[in-house]
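4 protein chains.
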Amino acid sequence: MSKNASRTAGRHFLQIPGPTPVPDRILRAMDTPVIDHRGPGFATVAKQSLEGIKTIFKTTNPVIIYTATGTGAWEAALVNTLSAGDKVLMVETGQFATLWKKLAEKLGLKPELIPTDWRIGADPALVEARLREDKGHEIKAVCIVHNETSTGALSPIAEIRKAIDAAKHPALLIVDTISSLASADYRHDEWGVDVTVGGSQKGLMLPPGMSFNAVSDKALKAAATSKLPKSFWSWEDMIAANKTGYFPYTPATNMLHGLNVAIDMLHEEGLDNVFARHDRHAEATRRAVRAWGFEVLVKDAKYFSPTITAVLLPEGQNADKLRAVALDNFDISYGLSFGPFFGRFFRIGHLGDTNDLTIIAALAGAEMGLELAGIPFKKGGVQAAMDYLVSAHQGAATGKAA
Amino acid sequence: MSKNASRTAGRHFLQIPGPTPVPDRILRAMDTPVIDHRGPGFATVAKQSLEGIKTIFKTTNPVIIYTATGTGAWEAALVNTLSAGDKVLMVETGQFATLWKKLAEKLGLKPELIPTDWRIGADPALVEARLREDKGHEIKAVCIVHNETSTGALSPIAEIRKAIDAAKHPALLIVDTISSLASADYRHDEWGVDVTVGGSQKGLMLPPGMSFNAVSDKALKAAATSKLPKSFWSWEDMIAANKTGYFPYTPATNMLHGLNVAIDMLHEEGLDNVFARHDRHAEATRRAVRAWGFEVLVKDAKYFSPTITAVLLPEGQNADKLRAVALDNFDISYGLSFGPFFGRFFRIGHLGDTNDLTIIAALAGAEMGLELAGIPFKKGGVQAAMDYLVSAHQGAATGKAA
Amino acid sequence: MSKNASRTAGRHFLQIPGPTPVPDRILRAMDTPVIDHRGPGFATVAKQSLEGIKTIFKTTNPVIIYTATGTGAWEAALVNTLSAGDKVLMVETGQFATLWKKLAEKLGLKPELIPTDWRIGADPALVEARLREDKGHEIKAVCIVHNETSTGALSPIAEIRKAIDAAKHPALLIVDTISSLASADYRHDEWGVDVTVGGSQKGLMLPPGMSFNAVSDKALKAAATSKLPKSFWSWEDMIAANKTGYFPYTPATNMLHGLNVAIDMLHEEGLDNVFARHDRHAEATRRAVRAWGFEVLVKDAKYFSPTITAVLLPEGQNADKLRAVALDNFDISYGLSFGPFFGRFFRIGHLGDTNDLTIIAALAGAEMGLELAGIPFKKGGVQAAMDYLVSAHQGAATGKAA
Amino acid sequence: MSKNASRTAGRHFLQIPGPTPVPDRILRAMDTPVIDHRGPGFATVAKQSLEGIKTIFKTTNPVIIYTATGTGAWEAALVNTLSAGDKVLMVETGQFATLWKKLAEKLGLKPELIPTDWRIGADPALVEARLREDKGHEIKAVCIVHNETSTGALSPIAEIRKAIDAAKHPALLIVDTISSLASADYRHDEWGVDVTVGGSQKGLMLPPGMSFNAVSDKALKAAATSKLPKSFWSWEDMIAANKTGYFPYTPATNMLHGLNVAIDMLHEEGLDNVFARHDRHAEATRRAVRAWGFEVLVKDAKYFSPTITAVLLPEGQNADKLRAVALDNFDISYGLSFGPFFGRFFRIGHLGDTNDLTIIAALAGAEMGLELAGIPFKKGGVQAAMDYLVSAHQGAATGKAA
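Chains as they are written, first to last, in UniProt numbering: chain A, 1 to 402; chain B, 1 to 402; chain C, 1 to 402; chain D, 1 to 402.
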């Protein structure tokens, strides 16, 4: 409408699968003078972070906090536990599983990828089958992306654990929760995960620049014999320094301030309420998609992600055109597509610090964008989402499940 | 949904008729160390404000900047131009016109209110008729609320000017633009207004705490003989000090920083684009209201406000229940009702730094709220608004009016 | 040094007698989305402000919070309690007392100024003598500037109260604490003050834009019969609305957020610690002045201000040159001079959120500035201040007074 | 003084050798909504960073920007250019050179450390001599810490370059400028450096969380054959993605906003003015140290650092006590000591966004702290610094060198 203007009015709607909108309270907490990372005040801040983050991963073991984005924590999980030439089993859930595999190769590991069609998550039965074949226990780790950011497929980690156990296989279980942590139920200890990789910029509602490794005792043991070279990523120095509330090298102090507020906010809302909110928004989104006459990319409800929905357009339609039109007309960003369906889908991020009306806006941007882009669709997606949200709130009021 | 949580996720939707959402860029510009208001650097800041604000009122005359909210600028307009016992003519467009009258009485003036039913703006014909009766020119000022915030009625100031001229009446024309400035077309000089009252917290996108008097030469002349006591509000000292870029007493420096950014932002978008955006959002809102089967409070399209729409519910329905339900379930605020229709309407503010998706969210909050509140309505309001916005964007793309 | 640069490195040292440096914590608290001033959340914020500010004035009576700078609260104190033609007794302690008198005249009052030479504060004996003469009780109010910002003279309010009582005079006692509140000991109730005027931008560490009237029962009684016209400043509507946590017209919400944090910070430090800190910095400053071979403008220690020290240069020397040189070379602002000693002194503000090292920097800027400006002085001012501060800290450590 | 208070008044003085105080303008630039790192707006931000940072390193070659602190960039410099078992030559200038050596060992390299006594920088003659011995060119890289943060010794990089050339040795020159970049003169291209390592949190005035590798063509060539495993640190993907303004994985967007402002600020001041300012503050600090009767740790003026001064206390004195007393009484942080003189010195950081008065405060905190800590010293350090600063400003005014 205001094509000649150099300013776009109002706030941008950031509906990509992350980074997610950072709450003002967190941004302001980070907008403070940097403190001495060797002074007595620092340890108070750091200890709060180091203890607090455990409650998010649901672990009583150490969580290592890296000043790096998630890719760094991916690398850290591998270099701390493995040695050159080690075999690792991965599942091709999508783009990020594929990237992680490439990373493993660069580090000198031998990753093996269980193929999938990018429309489901990791199948525990396939993992179990492959492990049973591995009589010699050459596979040292099973690496699973909990929530495949590129497709919106959530994999059942507890079942993967059971699959490994059923196969009586000693491989480590390494899980990437970058786009699920603090948005989808996750239990590092209870589910027997050895290393959980997390990042700051999704469910934790922080800017990018911080990532995590939650570690099991078994992982720590593996670290003792791991031979991949490491220094920045090394758990050993970190865990030792963290015990007194310090870091072996300068950490991103202001990110720690933000992390402490983020953890407080999550507990103020209640983690179970946070998960329920994400489930509600995911379901509202899927109802809109179906009302438009489209398919959700993930074809099996078992794998539906609470944080990301990829909307598959009919063959011949260009999802990137929709994204461009929506950005241009409505100042909203959606996620792009990857892999075998490149160009055919766009991703709606419904995670982090978001609420019902923001989700409606996100769906309205898509619905109006479809019309402006000339992509055939049925109206009524936003209406379907509103109907669902009303029923969800009515159910909440009466105490019945929506 | 999360009734036991102490935190509400996501951003609050502030859809009251003001204060309006303050853009981050403005908030950050105000989040700076206070500077010496007598130092050389201050004059640069202040001159930018004093010159810039003229472009918003469209005047080449001085604009006085008060560290006070709009009520103060109302008072200033009167105490600088009038004397005890002076008659002033006002039009009862709604709650704020009524409050302004009370203020005039407290100051010792004799206001006369042309009655209206709160469903239209000020009728130029009635003003002209009343002035023609006033042969002795006892009426010293005609006071009009440009955009009646309590009802969403916009009054035609250029026509009021013509009405005064047609009556050959020397009264000053004093106009309150608190909820229209920088959102609706306004031309202080061209329309022959003598004092325009404005505030920071609506179209100017600033927090409350600053207000304005734009003054004509005729107003300045009236000030020379005005006898109402005044000091804080006195134009004289202000205009004298402002000439060198200073204020007679400590101003709200950080608000000036914010004002400078706000003015820049308005010009970056283009004032005409700003007005067109508000018109578009107002029309989208009215279409939603009609689709719900309700009436817009303002019954004559001539008076439709581009910034505020009051939604009149059917008799027997409680608009405050809708507001409470929407706030509780969807974290959105609407404006309350006043006067003869107290309890029967709620007001949607669609002004300031807002965009299409925010308006859809604002309407969705109402539509879902109506259902949750058990108020009978027809679905389809949001859909009607989306249809209109799509057509508006299509029109913009093809160069045709929407 | 970097005369061709468009940027000055490091932070500006704002050592004027106010506005004072605003702590980051307060700025960040104000850097938040504006909330609905009629919504349920607002009352929580406002009540905290309205109750909290009483603890600063040390009163259990209402304190009215204005969205206006101190000059407005000066006017409010008079228009709420007095009527046209009323006599008020003032003491010419300096520039601000003089301005207040002019303001009173503009409002139609008849102020009488007890002359002083601007080198002392208000003398209770003179006040008593004048009131004793006023057998007919024509004087309706005694107006005193607690801390004369233009000279750094603190007046003994408790003794003024005793003087009025000794004269058995019914006049109201109205006190301006703009540059002393929250920096110097002050007790509205205990000292029997009727109206205390305060501002946000000095000891309260907020930006300018908010001011206060603390009121006694006697003042409220006077308000009931006061005839000066008033609306914006009227206590009546304010006190009524404040009872429920709201304001009669839009308040500066974000200033209230800031105020709440400011009050918290003062109590975290402890008001008595705050006062002791200001006393310490004032004494350090005076020792530096004497070491330079100069006089403190205030010539009687009884009237020394804990917040502001005016440094009187020898005849023939130009204090404005010192200020300009210090600003140009060291990016530090001092206050200018007024009145009979215009050009002869500069004022060092040592109030608000300041600490020992900042005071040393403030004195060093002056000492180095004196040398660069070619003004004859003795070195050793900073050294004298350091010696004093060390002794003060040693005293604190041993429990002995410094 | 306020031992029972939970709040310390005023701003903390962060005089450690980094992180340094972050200017408000940078903090506010980082305090903004996160943007889509794959959207069109991102490339504008990133290209500004990627081009701008070259002007700071003074290179026309690529500079890789890492979301990691300096330790990460240390590692990156090595893993991108070297292979397991490679020999690297380092100089034991202090703690950080020692840590870098340990890091090299962890990565599987064979570092050799030229011993020094921690009171000088790297001696070009020793480097040349060692390289001449290495007839077989087994040494693949010479690694030098430009400014040894632990001692305040600046090494002459241009002379090291000449030493390598004189020895006709093909080793890469890798330089750590973490505590000198943007504070001391540095010329990546002109001085023939192959990899320069930098960080955000010192002269660049940003919070910790970002670091850099500036690379020569020769370094890029070495990267092509380097065999150390790498992924997160790999230059290859970075340089490829950066060409279009993007990153291979999510970068710390808000740090890029801050970086852009930091680069603007440095150029507004002028890099040469920035260096001169640091030189001035370093000299003022050294004069204070000598006036106290102490030695600067660095014993040869050739190696004096413009950013950090380590103050060596007489034998038997405890520098940590001084630091604790100063922190406790004056809310100022100094750097701790390392290595052979552990406990004997404290470090004053005079780098980043700092100015003359802040340096005086930093010295006053030490001078008063020495007295309170009972450490014998001569008064007059602050006075000596002030005398020097005055003479420097007088020199600047007359155009003569100070």
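Don't read these hints as lab results, they were simulated from the structure. Don't take every hint at face value.
[Unchecked claim] Straight line, CA to CA, 27 Å or less: simulated BS3-like cross-link-like pairs of lysine-lysine: (1) 321(D) / 106(A); (2) 379(B) / 378(A); (3) 106(B) / 243(C); (4) 227(C) / 87(B); (5) 162(C) / 106(B); (6) 47(B) / 227(C); (7) 47(B) / 243(B); (8) 243(C) / 106(C); (9) 227(D) / 243(A); (10) 102(B) / 243(C); (11) 243(D) / 379(C); (12) 227(C) / 227(B); (13) 102(B) / 221(C); (14) 379(C) / 243(B); (15) 227(D) / 378(C); (16) 378(D) / 379(C); (17) 102(A) / 378(D); (18) 221(C) / 243(B); (19) 378(B) / 378(A); (20) 106(A) / 378(D); (21) 106(B) / 102(C); (22) 243(A) / 54(D); (23) 227(A) / 102(D); (24) 243(C) / 321(B); (25) 101(B) / 47(B); (26) 227(B) / 379(C).
Okay, the hints, checked on the actual structure:
no.	hint	verdict
1	321(D) / 106(A)	violated (49 Å)
2	379(B) / 378(A)	holds (17 Å)
3	106(B) / 243(C)	holds (22 Å)
4	227(C) / 87(B)	holds (20 Å)
5	162(C) / 106(B)	violated (36 Å)
6	47(B) / 227(C)	violated (38 Å)
7	47(B) / 243(B)	holds (8 Å)
8	243(C) / 106(C)	violated (32 Å)
9	227(D) / 243(A)	violated (35 Å)
10	102(B) / 243(C)	holds (22 Å)
11	243(D) / 379(C)	violated (59 Å)
12	227(C) / 227(B)	holds (16 Å)
13	102(B) / 221(C)	holds (23 Å)
14	379(C) / 243(B)	violated (41 Å)
15	227(D) / 378(C)	violated (68 Å)
16	378(D) / 379(C)	holds (17 Å)
17	102(A) / 378(D)	violated (64 Å)
18	221(C) / 243(B)	violated (42 Å)
19	378(B) / 378(A)	holds (20 Å)
20	106(A) / 378(D)	violated (60 Å)
21	106(B) / 102(C)	holds (24 Å)
22	243(A) / 54(D)	violated (39 Å)
23	227(A) / 102(D)	holds (16 Å)
24	243(C) / 321(B)	holds (24 Å)
25	101(B) / 47(B)	violated (34 Å)
26	227(B) / 379(C)	violated (56 Å)
Comparing the model with each earlier hint shows violations of hints 1, 5, 6, 8, 9, 11, 14, 15, 17, 18, 20, 22, 25 and 26; every other hint is respected.
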